[in-house]
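As given, the protein sequences belong to chains A and B, one line each in that order.
UniProt numbering applies: residue 1 is where the first sequence begins, and numbers increase by one.
UniProt numbering applies: residue 1 is where the second sequence begins, and numbers increase by one.
Bear in mind the hints are in silico, worked out from the structure with no lab data behind them.
Just to be clear, a hint being listed does not mean it is correct.
What the hints assert, rightly or not - In silico negatives: residues of chain B with every beta carbon more than 12 Å from chain A:
| id | residue |
| --- | --- |
| 1 | R26 |
| 2 | P61 |
| 3 | L64 |
| 4 | D66 |
| 5 | E235 |
| 6 | V242 |
| 7 | R245 |
| 8 | H246 |
As the list claims (entries may be wrong) - A partial selection of chain B residues facing chain A, derived with a Cβ cut-off under 10 Å:
| id | residue |
| --- | --- |
| 9 | L14 |
| 10 | D30 |
| 11 | T39 |
| 12 | G51 |
| 13 | V52 |
| 14 | A58 |
| 15 | A179 |
| 16 | R229 |
| 17 | Q264 |
| 18 | L266 |
To be verified - Some chain A residues well away from chain B (every beta-carbon gap over 10 Å; in silico):
| id | residue |
| --- | --- |
| 19 | G20 |
| 20 | R116 |
| 21 | V156 |
| 22 | G243 |
| 23 | R245 |
Just so you know, even glycine gets a beta-carbon here, dropped at the ideal spot from N, CA and C.
There are 2 protein chains.
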Amino acid sequence: MTLAVYFIVTPNVLLLDYAGPAETLRMAADIGADLTVTTCAPVPELSTSMGVTLSGLAPLPDTLPDGALLIFAGNAQEALDYARPEALAVIDWLAAQRGRDIRVASICSGALLLARAGWLDARPCTTHHALLDLLRQSAPTARVMENRVFVDDGQVVTSAGITTGIDLALYLIEQHFDAELAARVARRLVMYARRGPNDPQLSPWLAHRNHLHPVVHKVQDAITRDPARRWTLEELAELAHVGPRHLTRLFTRHAGIGVVAYQQQLRIARARQLLADPSLSMERVAEQCGFASARDFRRVWAMHVDDSPRTHRATH
Amino acid sequence: MTLAVYFIVTPNVLLLDYAGPAETLRMAADIGADLTVTTCAPVPELSTSMGVTLSGLAPLPDTLPDGALLIFAGNAQEALDYARPEALAVIDWLAAQRGRDIRVASICSGALLLARAGWLDARPCTTHHALLDLLRQSAPTARVMENRVFVDDGQVVTSAGITTGIDLALYLIEQHFDAELAARVARRLVMYARRGPNDPQLSPWLAHRNHLHPVVHKVQDAITRDPARRWTLEELAELAHVGPRHLTRLFTRHAGIGVVAYQQQLRIARARQLLADPSLSMERVAEQCGFASARDFRRVWAMHVDDSPRTHRATH
Numbered sequence: 001m002t003l004a005v006y007f008i009v010t011p012n013v014l015l016l017d018y019a020g021p022a023e024t025l026r027m028a029a030d031i032g033a034d035l036t037v038t039t040c041a042p043v044p045e046l047s048t049s050m051g052v053t054l055s056g057l058a059p060l061p062d063t064l065p066d067g068a069l070l071i072f073a074g075n076a077q078e079a080l081d082y083a084r085p086e087a088l089a090v091i092d093w094l095a096a097q098r099g100r101d102i103r104v105a106s107i108c109s110g111a112l113l114l115a116r117a118g119w120l121d122a123r124p125c126t127t128h129h130a131l132l133d134l135l136r137q138s139a140p141t142a143r144v145m146e147n148r149v150f151v152d153d154g155q156v157v158t159s160a161g162i163t164t165g166i167d168l169a170l171y172l173i174e175q176h177f178d179a180e181l182a183a184r185v186a187r188r189l190v191m192y193a194r195r196g197p198n199d200p201q202l203s204p205w206l207a208h209r210n211h212l213h214p215v216v217h218k219v220q221d222a223i224t225r226d227p228a229r230r231w232t233l234e235e236l237a238e239l240a241h242v243g244p245r246h247l248t249r250l251f252t253r254h255a256g257i258g259v260v261a262y263q264q265q266l267r268i269a270r271a272r273q274l275l276a277d278p279s280l281s282m283e284r285v286a287e288q289c290g291f292a293s294a295r296d297f298r299r300v301w302a303m304h305v306d307d308s309p310r311t312h313r314a315t316h
Numbered sequence: 001m002t003l004a005v006y007f008i009v010t011p012n013v014l015l016l017d018y019a020g021p022a023e024t025l026r027m028a029a030d031i032g033a034d035l036t037v038t039t040c041a042p043v044p045e046l047s048t049s050m051g052v053t054l055s056g057l058a059p060l061p062d063t064l065p066d067g068a069l070l071i072f073a074g075n076a077q078e079a080l081d082y083a084r085p086e087a088l089a090v091i092d093w094l095a096a097q098r099g100r101d102i103r104v105a106s107i108c109s110g111a112l113l114l115a116r117a118g119w120l121d122a123r124p125c126t127t128h129h130a131l132l133d134l135l136r137q138s139a140p141t142a143r144v145m146e147n148r149v150f151v152d153d154g155q156v157v158t159s160a161g162i163t164t165g166i167d168l169a170l171y172l173i174e175q176h177f178d179a180e181l182a183a184r185v186a187r188r189l190v191m192y193a194r195r196g197p198n199d200p201q202l203s204p205w206l207a208h209r210n211h212l213h214p215v216v217h218k219v220q221d222a223i224t225r226d227p228a229r230r231w232t233l234e235e236l237a238e239l240a241h242v243g244p245r246h247l248t249r250l251f252t253r254h255a256g257i258g259v260v261a262y263q264q265q266l267r268i269a270r271a272r273q274l275l276a277d278p279s280l281s282m283e284r285v286a287e288q289c290g291f292a293s294a295r296d297f298r299r300v301w302a303m304h305v306d307d308s309p310r311t312h313r314a315t316h
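Construct the complete structure from the given sequences, taking the supplied hints into account.
Listed below in structure tokens is the structure:
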């Protein structure tokens with residue numbers, strides 16, 4: 001049976017919330033999956049987060065085929081956007097679909113539309129990390145879960161949003177079709193390319209941050225802001241309101257690297273940048289990166305880079 | 001100085017090629033980066049890969065501020081799309097910008113527009129893995145690089161496309177502003193959430209595939225298609241046209257896991273699915289997943305899952 005997928009967008013839609021999962025599902029169809037994708041809205045034309053306009057939108061369907069999948073993209077300014085009559089029309093329409101044999105999914109703040117239409121009552125769900133409290137207010141009986149890419153409660157699937165909309169779409173493809181098709185779509189999307197361990201273009205500033213733990217992000221933000229600072233574990237722990245031992249455990253588990261090794265990696269990244277300036281002596285580079293001495297700098301450098309700082313400077 | 005960013009789109013633009021990096025840069029501006037984003041096209045309104053129409057597009061600028069950044073999104077059907085007069089108008093316009101103090105970037109097949117406008121002559125560059133040969137034909141003197149997320153040649157930056165457009169945008173933010181801002185934007189995009197090592201929703205079918213090596217993908221595709229098969233290393237190596245020892249080295253380096261462990265992981269994922277069917281005996285589950293016996297199944301299972309298959313079945 002053909003899977004009928006409907007993306008529902010409202011004025012000021014966050015374009016990536018829509019385009020990410022929509023393109024992913026379209027590619028699955030292009031490769032041969034038996035599905036259709038339709039983009040619907042309460043009005044034929046609407047504004048987007050990017051300032052450009054989307055038009056040629058289908059109306060909200062009067063009837064839905066059994067097993068239809070409705071996906072609600074999020075918005076850029078949800079408090080304002082969801083008070084507009086077009087968003088209220090979507091909420092009413094969605095509320096009227098309750099009890100039907102359909103499946104409903106949300107990207108990012110799209111969860112707020114589901115909440116207001118009563119679809120999240122007593123269900124586990126999630127949304128973007130900045131909107132968790134707002135979702136709790138909108139659906140007081142929902143079990144709002146933090147730290148999740150998405151939550152699959154069978155009839156209702158909610159995602160953390162923006163780029164996770166793509167992960168959600170791949171998951172739905174795997175569920176409705178099979179894992180190999182999902183892998184082929186991921187490859188076409190060049191999702192493989194993201195932050196691979198051997199990627200020469202991988203930014204050290206973004207490495208080890210593909211987790212969702214807020215405490216670990218807080219500490220990583222502080223180190224990123226000032227990698228040359230001689231942070232003590234106690235200072236970092238205090239900043240994150242946890243004990244030093246707990247921080248060590250959380251950091252290693254979620255970032256997949258130790259605190260000291262993480263900071264060293266950023267210091268080496270900064271050193272690479274500074275070495276490009278020929279007026280800086282090796283001692284000055286070492287100092288500006290927070291190493292105790294040029295010798296200490298060379299020792300740490302050797303653990304990360306094949307050639308010496310001097311050779312690196314001469315050849316880059 | 002304000003960074004002026006122009007996204008250039010052509011009819012049938014791949015919506016995610018545009019929306020991914022555009023939203024990423026818009027968020028940087030929203031957080032406070034001194035940049036502007038304008039979406040331009042040779043016509044005020046055009047079709048997209050998703051069937052919907054983009055309108056309210058700015059014309060191709062007559063003049064560009066110094067240091068402007070032009071980003072060319074890719075298309076869904078480049079052979080057809082780039083033969084259209086609108087695409088030819090973009091190529092002419094871009095050719096006329098040569099020698100100016102601007103920077104040019106491409107997502108996916110956008111590299112073909114750069115090639116035809118003469119911007120890739122004698123430069124290192126890349127594009128989507130399906131378009132490498134076409135790019136070589138379009139720019140015979142270019143040094144087309146495979147297996148790269150993006151290639152930064154200073155004035156010209158080319159990316160592998162689709163989701164890597166987001167990585168490219170984060171890299172540009174880091175370059176033009178700073179690493180902390182790029183990390184904050186990544187967090188807002190929930191890019192942290194992608195395939196984290198501790199993510200309970202992570203699909204084992206997509207794990208270990210965030211690399212770009214075609215030989216390793218080929219072998220992973222084969223194992224994914226039939227994880228229960230008793231593949232020998234020699235069979236897999238033959239299928240990928242490499243020697244068994246070379247395959248072992250490539251697989252471990254790029255997938256970050258051994259061939260046998262990779263297959264076991266997929267078999268355990270399949271076993272989890274099969275255990276949901278109470279009519280299947282443990283022996284039958286083991287057999288269907290390619291284990292030599294129920295005992296062998298339990299041994300491998302214990303390395304991946306905390307509870308036993310029996311307890312798992314009873315509680316899931």
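#### Entry: Hints the structure fails to honour
1, 16, 17 and 19
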